[in-house]
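Listed here are the chains, written in short residue letters.
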Amino acid sequence: MNLFDQLDTTENQALEEISRATGPEILQQLETNYLSRKGILRGFFGQMAALPDEQKPQAGEAINRLKKVIEEKITEQRKILAAAPQTRLPEGFFDISLPGFEKVTGSFHPVYRTMQELSAIFVRLGFNIAYGPEIETEFYNFTALNIPLDHPSRDAFDTFYLSDSSVSNTGRLLLRSHTSPVQVRIMEKTKPPLQVIVPGKVFRPDTPGPSRFPMFHQIEGLMVDENVSFANLKGILSLFIREFFGSETRMRFRPSFFPFTEPSAEVDISCVICGGTGDRCPVCRGEGWLEILGAGMVHPKVFEAVNYDSEKYTGFAFGLGVERMAMLKYSINDIRLFTENHLKFLEQF
Amino acid sequence: MKFTYQWLQEYCSFKLPPSDELAHLLTMHGVKVEHYRPINNNDAYFELEITANRPDCLSVLGVSREVAVITRQDYQPPRLKTLPQRPAKAAGSVKNIITIENTEDCPVYIARVIKNVRVAPSPEWLKKKVADIGLRSVNNIVDITNYVMFEYGEPMHAFDLDRLAPIESGLAEKRIVVRRAKPSALGGEKIVALDGKTYQLTSEMLVIADAREPVAIAGIMGGQSTEVNEQTTNLLLETAYFNPSLIRKTARRLNLSSDSSYRFERGVAPSVIAPASRRAIQLITELAGGEVTEQQIINLLKTKEKTITLRFKRVAQILGCPFQKSEIKRILKGLGFNRLSESAAGIKIKIPDFRNDINAEIDLIEEIARIRGYEQIPTTPPVINLKVEQKNKVDEITELIRPTLAGLAYNEIMTSSFMEEKYQPDFTFWSEQKLIGLLGPEGMEDRFLRNSLCPVLLLANKTNEASERERVIQLFEMAKIYSRPGQEKLMLGLLDNQGFYSLKGTLNALWIKLNLVKNISYHPVQGEINALDSKKMVAILMNTETIGYSGELSPEARGKYETQKNVAVAEIDLEKIISQSDASAVYREFPRQPAIQRDLAVVVDEKIKWEEIKSAVQSKGGSLLESVRFFDLYRGKQVPSHQKSLAFSLYFRHPDRTLTNEEADKIINEIITTLQKQFNATLRT
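Residue numbers (this note's numbering), protein chains in the order written: chain A, 1 to 349; chain B, 1 to 685.
In isolation and in its complexed conformation, chain A is listed as follows:
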């Protein structure tokens, strides 16, 4: 192969190698290979000596031209690499920015999740968990809880009755309007001392709205022993509230009325949204306090209904709404979101 042919071959090879170069260090190497003092082109100059004299200028010109072509090509490739490093993905390049394989997990419903969280706190305090039926009788839902059938105290417990229920000696069948009937069922079967919580569904014929739904969840608490006092009720609830809402949360007890507890209390916490300042707060409506549960000392009449000696034993009971807790915890503003079951909602928990 004569020198001119070799120059042609070298040109093709060099241009291809340069255009395939993926980084500046490779271009540097090619530059050294072709253009340095010990490079390939220098070798061609050495071969010129063997040529007839009339060809020497021609060959010199051709080698110089090739040198210029390679130099230009290297410069051009440097620009390409600098401008768009992503445009070429040669083998060996590892793109850590690509996403991982898609793996999906499911979710727990925020209400059930909150119910478990709340229950777990009481379990850690030494309470047991019990359940009761959702279809109840008038006896358990009302009578045994000292709620007379035709009395205004029942107004707070508007109730769904079953349409084709036969009336038994425990009264008509209904959907329980609170978890308190389970108190009675537990005490009928168990002797004190006992401390138990009852999570479950309850039903009231409310028109659905942002804060009302005809089905919701409560957790009922009950503790009975000798010398269980109102101070103890405050003690338990104070521990619970600080555990669930945070240690800075304040609690206050207000007198209230429930037929099955005496004394009765409504329990407020300092607003978890505004920190209790009430300042233009939409959640506590500027009051700084949020009503979160009802509580009290078990009424002696309830003990009578289950044949407990109300002189010997005293106890407290409390009930809280799980949806309300979940709404406060997750800043949810409409109770209806819970039963809509939109995945875009559920996936957030």
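Among these hints, one or two may not hold up.
List time: in silico DSS-like cross-link candidates among lysine-lysine, alpha-carbon distance up to 27 Å [stated by the list, open to error]:
| hint | chain 1 | residue 1 | chain 2 | residue 2 |
| --- | --- | --- | --- | --- |
| 1 | B | 536 | B | 560 |
| 2 | B | 393 | A | 201 |
| 3 | A | 38 | A | 68 |
| 4 | B | 666 | B | 644 |
| 5 | A | 344 | B | 333 |
| 6 | A | 103 | B | 565 |
| 7 | A | 103 | B | 504 |
| 8 | B | 462 | A | 201 |
| 9 | A | 312 | B | 306 |
| 10 | A | 189 | B | 391 |
Just some of the chain B residues that point at chain A, by a computed CB distance under 7 Å [claimed, not checked]:
| hint | residue |
| --- | --- |
| 11 | 50 |
| 12 | 376 |
| 13 | 389 |
Bear in mind the hints are in silico, worked out from the structure with no lab data behind them.
A quick note: this is a predicted structure, and the numbers were derived from the prediction, not measured.
All C-beta atoms in this analysis are idealised placements derived from N, C-alpha and C, irrespective of residue type, glycine included.
Given the coordinates of chain A, work out where chain B should sit on it, guided by the hints.
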């Protein structure tokens, strides 16, 4: 209960605390202030939320007594100007003008006839009072009855005397009969009440009637025909006591409640009835002139004196801290409870009739705590005797299932227990009976309890498919279904919109977690599940007991539940699983020699079941074949029609040494030969 700060001040012998402080004090001592709004520098608007046990606070007088004891002031009842009690002559001549047919319904009735009154707009001060209690000013007479009701808590009603049809009855001229309305069997009775609406009355309702017809629904609302207006000159003023339970039932039945019924059904203090009547008469004669010409007072209410003994020790026991005797006595006295006797151990108290909520020692203890302030009671965690209780079985299983399914990318949902009746026939696996109906407020059946979780799961699927057509939807819930009264079952419901096999895979994973793989089998469903494709459904058995079903929707059901996908559902009776599951697994030695895996694909007739192939492979594979796992089913161009290709992996392993490829290949060839002979199978390459 509405009033203003200045109005309350009128009835207090002491200076009230500033209004905002008063609002806070009331709320913290059991008289909850629902709304509080300052009107100007020295007045404020109050609305109280009075609990059902405290009718005594449904009057400004009652609230003033409460404020006195809360703020540690001596309570002096205000001297309100009333018609003198004596001499009786001043109150008109006593006449027999009332007939009460049932004195249990109405034991007290005071009727006074006032003649020659001038009905006119109320003076400004009265108009303001009426506005303060949230009512519209009508005229001086009606406004006085409302005003006195809010003063004393005793509702009253004024009739236009001349529009009452006189009742001929021997010598005396009767004006009023208190009786039950005529039973509907006798044609019944109707009344147009003051709200302009017509009410159909029944014999369970008490009315005030004249000679012809009812002129008022007793204790609830007067009738339009005898209302007091500008033409009225002669009045009959009714002040009475009606049976609370009767009023409540009537108000609920008629869906009509009023300030009057609200008070009667909670119980009016008998001792305020007479003073309230005299107060109203006084104001009427002052503002509208006229004079009392006739009156009759019937009082057959038997009031028992109520006494309760309070033990000081019991106060400390219930509340959890000692209270000073002097403080206990101050509170009881301030509430109007008079001391009858006292010993070192306790104190005997007489309960006034305005406190019908105080019936036992515990009620007195609450009063002490309430007036003293709940914040004064210490916060003391109780002592709990340690013991280990058995963990609840329901929790044990649900707490295993919940994270397992969430880990398999299922979203837990929460559905309403109610279901529309039109879904009743779709999933009758557990019960074919009609749904349990619920009575609405009107007494009509307007809601039903679900008989299956599947319809509610499918409705959640519909919501999500409508929002994002192509997404994978996998849902579950553990909740109750209701087959008949007294039979509610805790179910696990699952939904997967990738079809039958996807859901079956989930179920299999669940059985592994529950350690039930060996107990579970799938069988054809006996009978029908209407919403499922009859070819694509199975009954799930645990040992020999059916515990649930799974299947894919039929084309019709897909239409009904608005889905385009191969949605599969399953429903499992959790209680059955709970009763049998023993969640603890037992460790088995596992082989540590390397396995050899080989894949095979065979083409067989369409009708041959995987299970048949699998058992043939297993029996030929012998002890060295550890497992056979199906991985693909193919029908299409590359296999002849009415045939299908089944692909599966074979895992060979020797328990003690490394198996050679030759050994594995030998078994595979035998398996292939068997499949060729037994099923006419061809190898697919």
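Here is what the structure says about each hint:
1. B:536 / B:560: The given pair, whose Cα atoms are some 18 Å apart, holds under the 27 Å limit.
2. B:393 / A:201: The hint holds at about 18 Å.
3. A:38 / A:68: 17 Å, holds
4. B:666 / B:644: Given that 27 Å is the threshold and the Cα spacing comes to 26 Å, the pair holds.
5. A:344 / B:333: 61 Å, violated
6. A:103 / B:565: Holds, at about 22 Å.
7. A:103 / B:504: Roughly 20 Å between the alpha carbons, so the hint for residue 103 of chain A and residue 504 of chain B holds.
8. B:462 / A:201: Satisfied, since the Cα-Cα distance of roughly 25 Å is no more than 27 Å.
9. A:312 / B:306: 25 Å, holds
10. A:189 / B:391: Holds, at about 17 Å.
11. 50: Violated: closest Cβ of chain A sits about 9 Å from residue 50 of chain B, beyond 7 Å.
12. 376: 10 Å, violated
13. 389: 5 Å, holds
Hint violations for this structure: numbers 5, 11, 12, all remaining hints satisfied.
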